[in-house]
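Participant: Which chain is which? The protein sequence lines are A and B, in order.
The working numbering puts the first residue of the first sequence at 92, with every later residue one more than the last.
The working numbering puts the first residue of the second sequence at 125, with every later residue one more than the last.
Simulated from the structure, these hints should not be mistaken for laboratory data.
It is possible that part of the hints are untrue.
[Claimed, not checked] Computed list of chain B residues with no C-beta within reach of chain A, every gap over 12 Å: (1) 187; (2) 214; (3) 242; (4) 307; (5) 321; (6) 420; (7) 438.
[Stated by the list, open to error] Within a straight-line C-alpha distance of at most 20 Å, the following computed PhoX-like cross-link-like pairs (lysine-lysine) qualify: (8) B:233 x A:520; (9) B:317 x B:289; (10) A:201 x B:317; (11) B:450 x A:274.
In this text, a Cβ means the ideal position worked out from N, Cα and C, and glycines have one as well.
These are the residues of each chain, in order.
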Amino acid sequence: MTNLSRIKITYFLMLIALIAVGFFQSWNVALTIFNLCIISSIMTLGINIQWGNAGIVNFGVMGFAALGGLANIIISMPPTLNAWESGGAMIIIGLILFILSIVFSIILFKKSSLSNKIKYLISFILVISSYFFMRFLVDIPIEKIEAIEPAKTGYLGGFNLPVLMSWPVGGLLAAFSAFIIGKISLGLRSDYLAIATLGISEIIIYFLKNEDWLSRGVKNVNGLPRPVPYEIELQSQAWVLKTSNNLNIPINELSSIIVKLSYSILFCVVLLSVLFLLEVAVKSPWGRMMRAIRDNEVSANAMGKDIKKRHLQVFIIGSAIVGVAGAMLTTLDGQFTPVSYQPLRYTFLIWIMVIVGGSGNNFGSIIGGFLIWFFWVQSEPLGLWFISQVTTHISDTNIIKSHLLENAAHIRLMFMGMILLITLRFAPKGLIPEVKR
Amino acid sequence: MDFLNGITLILNYIFIPGFTYGSQLALGALGITIVYSVLRFSNFAHGEFMSFGAMSAILLSWLFMSFKINIYPLPTAIMVLPIAILLTIAYCLIVDRLVFKFYRQQNSKSVINLIVSIGVMFFTGGLIRFIVGPGDKNFFDGERFFLKARTFKNITGLNEGLTLKTTQGVTIILSVLLVIILFWFLNKTKTGKSMRAYSDNKELALLSGINPEKVVLITWIITGTLACVAGTLYGLDKSYKPFTYLHLVLPIFSAAIVGGVGNPIGAIIGGYVIAFSELIITFAYKKIFFYFLPTYLVPEGLLQILSTDYKIAISFVILVIVLLIKPTGIYKGKII
Chain A
92 MTNLSRIKIT
102 YFLMLIALIA
112 VGFFQSWNVA
122 LTIFNLCIIS
132 SIMTLGINIQ
142 WGNAGIVNFG
152 VMGFAALGGL
162 ANIIISMPPT
172 LNAWESGGAM
182 IIIGLILFIL
192 SIVFSIILFK
202 KSSLSNKIKY
212 LISFILVISS
222 YFFMRFLVDI
232 PIEKIEAIEP
242 AKTGYLGGFN
252 LPVLMSWPVG
262 GLLAAFSAFI
272 IGKISLGLRS
282 DYLAIATLGI
292 SEIIIYFLKN
302 EDWLSRGVKN
312 VNGLPRPVPY
322 EIELQSQAWV
332 LKTSNNLNIP
342 INELSSIIVK
352 LSYSILFCVV
362 LLSVLFLLEV
372 AVKSPWGRMM
382 RAIRDNEVSA
392 NAMGKDIKKR
402 HLQVFIIGSA
412 IVGVAGAMLT
422 TLDGQFTPVS
432 YQPLRYTFLI
442 WIMVIVGGSG
452 NNFGSIIGGF
462 LIWFFWVQSE
472 PLGLWFISQV
482 TTHISDTNII
492 KSHLLENAAH
502 IRLMFMGMIL
512 LITLRFAPKG
522 LIPEVKR
Chain B
125 MDFLNGITLI
135 LNYIFIPGFT
145 YGSQLALGAL
155 GITIVYSVLR
165 FSNFAHGEFM
175 SFGAMSAILL
185 SWLFMSFKIN
195 IYPLPTAIMV
205 LPIAILLTIA
215 YCLIVDRLVF
225 KFYRQQNSKS
235 VINLIVSIGV
245 MFFTGGLIRF
255 IVGPGDKNFF
265 DGERFFLKAR
275 TFKNITGLNE
285 GLTLKTTQGV
295 TIILSVLLVI
305 ILFWFLNKTK
315 TGKSMRAYSD
325 NKELALLSGI
335 NPEKVVLITW
345 IITGTLACVA
355 GTLYGLDKSY
365 KPFTYLHLVL
375 PIFSAAIVGG
385 VGNPIGAIIG
395 GYVIAFSELI
405 ITFAYKKIFF
415 YFLPTYLVPE
425 GLLQILSTDY
435 KIAISFVILV
445 IVLLIKPTGI
455 YKGKII
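Please model the entire structure based on the sequences and the hints provided.
Facilitator: Written out as structure tokens, the structure is:
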């Protein structure tokens with residue numbers, strides 16, 4: 092089968108599945124799934140450009156997505172004025188000083204010709220002392236800020252700008268941190284890189300969970316502004332009332348469908364533009380060079396390609412895409428909850444999407460994102476249905492049956508594992524294989 | 125007297141918990157290191173193997189508890205450990221036969237194996253949650269303490285108490301025993317030597333007539349044993365929740381890498397390095413200064429270097445630092 096017909100068939104089947112959900116469950120559910128499918132496939136595209144085209148294993152998806160989410164707070168929430176008065180600037184100065192000391196010691200290691208022992212000693216003393224200096228600057232303002240109406244604010248707040256701006260800013264934030272992370276860890280080979288990025292993404296999550304002055308930590312930031320109208324506003328609009336009467340759909344259902352549809356349109360715009368840019372990039376000489384580096388680093392190096400620089404470049408681009416998707420996700424949720432960032436859901440699930448869709452093929456990534464997210468959501472009812480079918484002949488009071496029904500929801504983890512293992516075994520190139528050029 | 129009090133404080137809050145947690149990490153890291161050095165991939169499913177072992181121990185000890193068979197004052201879980209180990213080994217072997225073997229024969233890249241192990245991780249995690257459910261499981265019985273704080277205070281007349289929980293004592297004793305057996309096996313027996321030869325140079329080992337399938341079998345037996353014991357001990361000491369074992373994988377990997385991947389001694393050292401640095405960095409030093417310094421010199425505040433919320437993050441920070449400065453780890457391991 093050619094790739095084109097594969098794309099046609101899989102996309103068509105996916106569409107039918109979503110429409111079926113619309114008819115059998117409800118259009119609200121179908122649209123919710125559709126929106127999250129789009130976000131997942133954007134994340135998958137970001138990882139695919141790294142893994143499929145450059146062979147970089149990035150297990151830090153969760154961290155970049157969370158940074159994108161953080162951009163929502165920084166951009167769209169109103170600033171807490173008291174907080175800035177009680178020393179918000181001091182915190183930022185302290186942090187910058189600490190980061191500068193780390194950067195300085197890294198430069199020292201790279202550039203200076205001193206002996207190793209002296210380098211270790213200087214950078215150790217420098218980093219430790221600047222850490223305590225930062226604590227000295229920062230501790231009191233943090234305490235003051237977190238004491239300002241802890242139930243409502245207790246953090247610095249943002250810039251009160253339109254929330255749509257947080258998507259590109261989320262991408263920039265992720266790109267910036269990808270630059271630092273890449274500088275640190277891209278020299279490592281695949282396994283170490285995977286573990287290092289996973290570790291760093293956990294550090295990012297711990298930071299967001301515990302630094303209440305920035306993200307309110309586990310108290311979450313609720314009520315992020317929305318780029319689309321609220322349901323209540325829609326329900327009082329004349330044209331909505333009219334359509335509701337004409338189509339014979341209850342007004343509250345119709346309004347939430349309209350809200351979700353407008354999100355879908357926004358997301359589709361992002362997805363299509365990301366896809367377009369990536370397709371152009373992959374087909375360009377740049378993409379050819381990336382694949383050459385992936386397939387044979389030594390010979391690419393011999394041809395004069397700067398492998399380190401190219402890897403860093405593609406790492407930043409992919410992570411920025413993940414950051415944008417993370418920002419979109421938080422906008423869709425309307426709240427930022429650091430606790431919800433789990434490696435299983437963000438990092439590993441996205442990786443399953445990449446592998447199942449077909450690594451190295453952008454259209455494959457999109458269908459991978461759609462398919463896996465669809466099953467991630469739908470395997471819970473599917474599992475329940477399956478268990479109840481298997482156990483129809485057992486009486487309802489049986490302990491085993493009730494236990495099975497109770498835990499049926501966890502079948503989805505098994506299911507995901509099976510999908511990944513079966514794909515790797517029988518179709519290691521994924522649903523839509525990489526195009527041979 | 126103040127000096128002794130201070131020492132007791134350090135023993136009670138840093139040394140004993142650090143040694144316990146370190147032993148658990150070390151056992152886990154040993155499992156990862158051995159799979160890495162023989163089968164050449166980073167096994168992300170190891171945390172779930174540990175969880176599987178703990179789950180078997182839980183189910184078995186519930187079974188035995190219902191028959192009222194126990195070994196008071198020790199927890200029943202220790203008694204059923206051998207059966208649980210067998211179950212874990214069986215699971216590891218089945219997984220190897222169905223999944224990993226194929227990629228071994230294909231000579232796949234280690235990254236592919238790593239992604240495969242993620243699939244195994246998902247499946248095993250789901251299986252465990254399906255069998256016992258996602259909630260907290262308590263399976264501790266028997267005497268809670270070897271040494272109670274009050275008894276210690278009465279005996280010594282100090283202000284500070286020293287406690288040794290049963291789980292802590294059992295953890296330390298069992299891990300020391302297991303490590304001794306493992307090293308004896310690897311260094312003294314013929315099978316152990318052939319395993320080391322295989323991990324050192326595969327082609328040469330095959331040429332000298334070492335049966336690769338046997339080496340793989342032994343590897344999984346060792347890994348299953350270590351995973352089951354580590355998982356059960358961790359579950360006994362903290363509490364068993366399928367979810368926590370996913371998060372345990374990273375500290376364990378940190379321990380293995382810090383010590384030097386592929387080097388068993390390194391894995392043990394790495395485990396203790398991670399455990400002790402977590403405790404030392406998040407410990408509130410106020411009380412210790414209170415004992416060691418004259419009163420007017422004791423500073424205000426808790427004197428924590430980092431708040432306890434960051435406890436687990438420390439292992440990642442150490443991991444990153446080690447990867448930056450010395451990717452081969454403390455004891456030179458293989459570079460992946």
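Participant: Decide, hint by hint, whether the structure agrees.
Facilitator: Now for the hints, and whether the structure bears them out:
1. 187: 15 Å, holds
2. 214: 18 Å, holds
3. 242: 6 Å, violated
4. 307: 25 Å, holds
5. 321: 23 Å, holds
6. 420: Check passes; 21 Å lies beyond 12 Å.
7. 438: Contrary to the label, residue 438 of chain B does not stay out of reach of chain A, its closest Cβ about 9 Å off (not over 12 Å).
8. B:233 x A:520: It holds: about 15 Å lies between the C-alpha atoms, which stays within 20 Å.
9. B:317 x B:289: Violated, because 38 Å separates the two Cα atoms, which is more than 20 Å.
10. A:201 x B:317: Not satisfied, since the Cα-Cα distance of roughly 42 Å exceeds 20 Å.
11. B:450 x A:274: Satisfied, since the Cα-Cα distance of roughly 16 Å is no more than 20 Å.
The structure does not agree with the numbered hints 3, 7, 9, 10 stated previously, though it agrees with the rest.
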